[in-house]
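The lines below spell out each chain.
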Amino acid sequence: MNFVALRMLTGDRAKYFGLVFAIAFCTFLLENQTSIFANILKRTASQILDVTDAEVWVMDPQTEYWEQTKALKDTDLTRVRGVPEVAWAVRLFKGNPVARTLEGKFAVSFLVGLDDATLAGAPRKMIMGSWERLREPDGVIVDQAGYTLLFPGEPLELGRTLEMNDHRVTIVGISDASAPFVSLPVMHARYSQAVNFLGRERAELSFIIARPAPGIDPKSLTARIEAQTGLRARTTEEFMWDCVNYYLRNTGIPVNFGITIAVALVVGTVVAGQTFYLFTVENLKQFGALKAMGVTNARLVGMILLQAGSVAGLGFALGTGMAATFFEITLHKLATRGIVLMWQCVALTGVCILFVVIVASILSIRRVLILEPAAVFRG
Amino acid sequence: MTTSDLAVACRDVRKHFGGGEARVEALRGVDFSARFGELSFLVGPSGCGKTTLISIVAGLLDRTAGELAVLGSRMDDLSDTERVLFRRRNVGFVFQQYNLLPAFTAAENVAVPLLAAGVGRKEAVARGEELLARLGLGRRTKALPSTLSGGQQQRVALARALVHEPRLVVCDEPTAALDHASGEAVMELLARNAVQPDRAVIVVTHDSRVFRYAHSIARMDDGRIVEVTRPNGSSDPRGLQPVQEAVA
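Taken in order, these protein sequences are the chains called A and B.
Numbering of the first sequence is given in this note's numbering, commencing with residue 215 and proceeding in unit increments.
Numbering of the second sequence is given in this note's numbering, commencing with residue 10 and proceeding in unit increments.
Hints are not guaranteed to be accurate.
From the structure, some residues in chain B lie toward chain A, with a derived Cβ separation under 10 Å [as the list claims (entries may be wrong)]:
1) I63
2) I65
3) T90
4) E117
5) A126
Honestly, the hints are just simulated from the structure, not real lab data.
The C-beta atom is built at its ideal place from N, Cα and C for all residues, glycine as well.
Extracted from the complex, chain A is given alone in its bound form:
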């Protein structure tokens, strides 16, 4: 009877495609919105995740997330280095200087100051130049999006100059740094220079990044650092989630996206669920005839589930394909770079679609089960 079920489903092409596309668009909306939401939140920790050399971040206990830092004392670095099981620890500066071009174009930037000796935390994905060139005097690395923002419409070129806090700096590399939460240029310089590009303060040490000794779990090292120094220590992943959670708690982003996602879910549920339910209701006469002819309720339930599963499977695959295509296209645009279709969002959407289909199936099955086969004689 599987053949009968599938032919009943696909017989009316308009209804069939209506069902499939309702689920496909619901899938697309859910995957699209949840992925954009998750990726935007992930951007709040882009500069943390870009530092692949270190696994542990040490900061002032009052520092909650990347954007808002309270400077550490220089002696804190020595204290962290003194913690057993720390393989190495170096300083990292974060500031927001204004960068100006000679043409007068300017932009507030993210400036990351790297340890002069090791350059730990330097961007590893370079488009032009090399991170080792940061050792050159007044050298900075700018990310591609930042370069395009400062020099719109101009080809990528090394050796161009910028002015930061009355300092003339030279672009020695163009990186492919992950996009920050706000669309500002991301720059890297040596620590000693970076603090000058922003303007000296009494304390400038934003973070200490460290790596545990071989065989030591970063999580246990953070506990040891906190116990020994009184500073706040987080693994890279923990610090990323700190940033994400901060934005979730303190901004309207989750509410705005939540509303969109909820609307997509409700509209998708109503449209897909109702369309499938109506499809069953419109076929009640046929189900009644099958019932009269001796098709068992269990077989009818199986037929409905097969119909629902087929529609859901096809619609979900189509919707996921649409979402993947969308993200493949936007992935290559500077403004939306790094925003990808996350497998977690696909899985979550799959669960939602399954829920929608189960609800619609239950309602449809109920109608068929309570249908008296004698009703088929009533015309």
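For chain A, the structure is supplied; the task is to place chain B on it using the hints.
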């Protein structure tokens, strides 16, 4: 006539719907029988209980009271599942509105009872095509119902009712939606192909033009059988046989 001639035997069958003031007495003590090898007509005005009676006889509806034996089985003795399987094996249906699956070809529609019985699709469709050819639709086996005339659709429905070789065929107003010529053609095919020594055919109709095909005509009114006549002249005033004797 012997009890083994009887495919269906009802005695004092009653059926009501609803309760209280909304209670409707659809059958008020029906005595009815249908013999193997015959076309038994059930006639009467609309609302007299014909459809309710054949629904009960076909195992689609439970009666409120009375005794019923169909093909040697007491319907009371069958569980719900057994009754479904009983219908699948033993009963063929022809509906007034055909109830063909619109997305299926004529042959596929005919094959549905076989598919329900677990016959493979290829074999089921082949048997459907074969039967359609016998009913004069050999060239329309791959046609969709929407492309067939009313008479042709009813012939497909007739083939569907016969393809699994049931011992009881129940037809509800098979000619009501057809013009005279098409109705005649359908009844002709029904009489020629459905009636067999080991099969009973019950036809509910109020189309008097086709009464001549009947072996017996039971007239219903207000939930009762009021008269049973046999057009060939034999006398059978009530057409009643004790249910106990009809059970094999």
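So, going through the hints one by one against the coordinates:
{"no.": "1", "hint": "I63", "result": "holds, 7 Å"}
{"no.": "2", "hint": "I65", "result": "holds, 8 Å"}
{"no.": "3", "hint": "T90", "result": "holds, 7 Å"}
{"no.": "4", "hint": "E117", "result": "holds, 7 Å"}
{"no.": "5", "hint": "A126", "result": "holds, 8 Å"}
Going down the numbered hints, you'll see the structure goes against none, and every one checks out.
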